[in-house]
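Protein chains in written order, with numbering that gives the first Met the number 0: chain C, 0 to 253; chain L, 0 to 567.
The reader is advised that the hints may include incorrect statements.
[Said to hold, decoys possible] With beta-carbon atoms standing in for the labels, derived distance ranges:
1. C:9 / L:489: 32 to 38 Å
2. C:106 / L:445: 40 to 46 Å
3. L:115 / C:192: 29 to 35 Å
Note that these hints are calculated values from the structure, not bench results. Just so it is clear, CB atoms sit at the ideal spot from N, CA and C, and this is done for glycine as well.
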Amino acid sequence: MLEARGLTKRYGGLLALDKVSFQLNRGEIVGYLGPNGSGKSTTVNIVVGLLEPSSGTIALDGHTLSDDPIAYKRKIGYVPEEPYLYTHLTATEYLTLVGRLRGIPQAVADDKIGRLLRLLQLHDSRYSTMAAYSKGMRQRVLLAAALMHNPDLLVLDEPFSGLDVNAGLLFRALLGLLAADGRMILFSTHRFDMVEKLCSRVVILSSGRLVAEQAIVTSTDQGASSLEDTFVRVTQQPDFTPVAREIIDTIRAS
Amino acid sequence: MTLASRFADKAWYRLTAHFFVGLFDFGVLSEAGSDAFQRVLIGIIATMLTFGLLFARILMSAASGRHAAALAPAPYRAAIEALIIGVPMLIVAFTTLLVSHSLFPDETDFRVLLALPVSRRLVFLSKLAALALFAGIFIVSAHVAMLPVFAIISGGRQAQESFLVRFAAHMLASLSASTMIVLALTAINGALLLTVPRVHLQAASTAVRSTMLCALVLSLPLAARLPTVAPLLAAGSRSLYLVPPVWFLGVEELLLGHGTPYFGRLAGIAAAALVASLVVAVGSYSYLYRRFDRVMMRPADAPSGSRRRAAMVGGRMGGAQFSAISAFTRLTLARSALHQGVFVAIAACGAGLVMNSFIGAMNMGRVRSPENEIVNTVVAAPFTLVFVMVLAVRAALVLPIELRANWVFRLTEDPGARAAQLGAVVHTVARFGVLWPVVVLLPVQWAVLGPRALICASIAYLAGLVLVELHMADWLRIPFTCSYMPGKRFVGNTMLIGLAAFVAFTFFGWAFALLAIRNVTGGLVVMAILGAVAMQRRRHRLWLWRGTALVFEDVLPTEVEPLKLSAY
Numbered sequence: 000m001l002e003a004r005g006l007t008k009r010y011g012g013l014l015a016l017d018k019v020s021f022q023l024n025r026g027e028i029v030g031y032l033g034p035n036g037s038g039k040s041t042t043v044n045i046v047v048g049l050l051e052p053s054s055g056t057i058a059l060d061g062h063t064l065s066d067d068p069i070a071y072k073r074k075i076g077y078v079p080e081e082p083y084l085y086t087h088l089t090a091t092e093y094l095t096l097v098g099r100l101r102g103i104p105q106a107v108a109d110d111k112i113g114r115l116l117r118l119l120q121l122h123d124s125r126y127s128t129m130a131a132y133s134k135g136m137r138q139r140v141l142l143a144a145a146l147m148h149n150p151d152l153l154v155l156d157e158p159f160s161g162l163d164v165n166a167g168l169l170f171r172a173l174l175g176l177l178a179a180d181g182r183m184i185l186f187s188t189h190r191f192d193m194v195e196k197l198c199s200r201v202v203i204l205s206s207g208r209l210v211a212e213q214a215i216v217t218s219t220d221q222g223a224s225s226l227e228d229t230f231v232r233v234t235q236q237p238d239f240t241p242v243a244r245e246i247i248d249t250i251r252a253s
Numbered sequence: 000m001t002l003a004s005r006f007a008d009k010a011w012y013r014l015t016a017h018f019f020v021g022l023f024d025f026g027v028l029s030e031a032g033s034d035a036f037q038r039v040l041i042g043i044i045a046t047m048l049t050f051g052l053l054f055a056r057i058l059m060s061a062a063s064g065r066h067a068a069a070l071a072p073a074p075y076r077a078a079i080e081a082l083i084i085g086v087p088m089l090i091v092a093f094t095t096l097l098v099s100h101s102l103f104p105d106e107t108d109f110r111v112l113l114a115l116p117v118s119r120r121l122v123f124l125s126k127l128a129a130l131a132l133f134a135g136i137f138i139v140s141a142h143v144a145m146l147p148v149f150a151i152i153s154g155g156r157q158a159q160e161s162f163l164v165r166f167a168a169h170m171l172a173s174l175s176a177s178t179m180i181v182l183a184l185t186a187i188n189g190a191l192l193l194t195v196p197r198v199h200l201q202a203a204s205t206a207v208r209s210t211m212l213c214a215l216v217l218s219l220p221l222a223a224r225l226p227t228v229a230p231l232l233a234a235g236s237r238s239l240y241l242v243p244p245v246w247f248l249g250v251e252e253l254l255l256g257h258g259t260p261y262f263g264r265l266a267g268i269a270a271a272a273l274v275a276s277l278v279v280a281v282g283s284y285s286y287l288y289r290r291f292d293r294v295m296m297r298p299a300d301a302p303s304g305s306r307r308r309a310a311m312v313g314g315r316m317g318g319a320q321f322s323a324i325s326a327f328t329r330l331t332l333a334r335s336a337l338h339q340g341v342f343v344a345i346a347a348c349g350a351g352l353v354m355n356s357f358i359g360a361m362n363m364g365r366v367r368s369p370e371n372e373i374v375n376t377v378v379a380a381p382f383t384l385v386f387v388m389v390l391a392v393r394a395a396l397v398l399p400i401e402l403r404a405n406w407v408f409r410l411t412e413d414p415g416a417r418a419a420q421l422g423a424v425v426h427t428v429a430r431f432g433v434l435w436p437v438v439v440l441l442p443v444q445w446a447v448l449g450p451r452a453l454i455c456a457s458i459a460y461l462a463g464l465v466l467v468e469l470h471m472a473d474w475l476r477i478p479f480t481c482s483y484m485p486g487k488r489f490v491g492n493t494m495l496i497g498l499a500a501f502v503a504f505t506f507f508g509w510a511f512a513l514l515a516i517r518n519v520t521g522g523l524v525v526m527a528i529l530g531a532v533a534m535q536r537r538r539h540r541l542w543l544w545r546g547t548a549l550v551f552e553d554v555l556p557t558e559v560e561p562l563k564l565s566a567y
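Next comes chain C alone, as it looks inside the complex (with noise of 0.2 Å):
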């Protein structure tokens, strides 16, 4: 189980993450919602051990990431927001490397990184360098380098993005087989429509603050018509009609 007690994050004066506190039980895919700037990226970052909170706890399975981060780190897969990789590695190189880092056998590597390219169709592009690759392509080796070394828990950060409509099924298909084997997936995004249909439960942030925490089917019987509508009814989201029709007229001036 991973527990996240009173995290708190201050940049300075600003304060990004405000006792934010979850859990996240095995089998569990959690969606963490927000609008930008809510805190999302800083609870993963915090959550991946990226970044150190300013106060607050996180465990998984006992293993507090302050007293033990390697036993800790070594349970987590993480794919960031942005494709960030080496890009003047190929695809094979990079999961090399990660498995070296993550201190899987060489043959073991070597086996499972053939086999993944294969299932997530980047064998034909493995000799390109990454340079080369679109950014639905840089996430797929990047859900590979989070998978290969078997984490129990899987921390996704907008994983859909740029990805193509098989892609985009499979790793749904992917993550509900993942969390029936018992796995924990913290899945931030933006997507309404995947939390509906991947997450048990849903987390929606909101200045720092967690302003709500319920399981997605009870989610849409307070009064809201969809998680959508709980959302930017929690989030306090102001009306974007009238942005949209400004954004309309201005493209249409000469």
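Position chain L relative to chain C; hints supplied.
Chain L only, in chain C's frame:
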């Protein structure tokens, strides 16, 4: 209405400006970094002009001395003119090489610009115009810088033709020479683009670029000695057929009506080089223009079996973490033009120093004891090269690549694996910075010293290891993954320390090695001391690594140095 505002709405103007600005963008610099680089280029142009005036002043002083009078005027003048042709060629070659990544429209241009309502012809012509503008600025600046020198050489009572005639002939020859260099570099890049399989293109173009950079740096000491080729010119030496500035000197002499068969042959080589470069450069552009989509969008082929294995597997030494960092370092140095360029440029400076000392020793040997001069130079050479090469590798490893991708190292950081990871870095520095130079110079040392060369090489290797340990004592970063903050110390201070260290290392190294080859027992003692120092420094380094985390952010040094007592 200014000229710029009049053309601002024209697509060709916008595109040319876009490509021109793109020539200053290396992809690794931030916006502020690119601005700074443009200022640096303006500074380079200003320096060139100042250098021209200074050079003219030095020449005037030399010409007024007794040595100038003793020389025959014609070959002396011709040799200086070869230098005046050669200096702009070098400057233009350096700048063109610097922007060689942008000489042709690339895949991004294809995907982005051709989706807009602009024709392919316009894209290509704009790219050519931007390139011509860029090269033109440096060609003109370099020639303006050399004008005062030319005026001094061409004036005087010995001149047979009017100044204007000489000026016209010189400018025609020199401008052709600089144009030939731009065309030759464009031709090489074009040929690579069209012939090398896409899977190897990045590595091949980076390697060729580094080779050319190395050749240019190494040619600096040779170019500086161009004024001394007067006797060779007078004798019609064939060895000058290998010196491009002298080819164009032949053109100049031919234009002035001094059509000796020797100058005719030199002019012929110049014409052939110019035409060949023009044909290949224009041919590459034309082919790319017609088959752009096929060339740029062709899929990458699979490399051969052996290369496929060699790409990431690397050595098995030191376990998975060691080989991971080793392979990552090797691949980045092989493929990143910036990192390889920094390494090669600095290393070539070392090679240039060694070459210069050999040439100097051969010249000095004519007046002093030739054997002693050669032995001294051969013994000192590995220390010079090792010192510069260690600096070169370290400088290349410090620069970041894809900084935001370093999360993968941060996520997998493990104190238990730190020694292996950082050990791979030290091993890389020792291999490229110490082992390579010592091995490369060993045959030369063997030719002069015989079996004693092994003792000399061993001392150089051990001294190199001590140097590596001193350099890497506080190294706590995975190569290319940490931000880089240049100018953390006062530049003058750094240069002074560097110079003192260079003098100390090469002097003591040379003295110890000389002692060792004359007295084997003394040599063994020196080796034992160097080995012990290296081992002690290594132990200290390993102890430091155990207690200190990896660094991913470069910071300014604090005024108060922390003692890191908690690590004990």
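Earlier hints that do not hold, by number: Those not satisfied: there are none.
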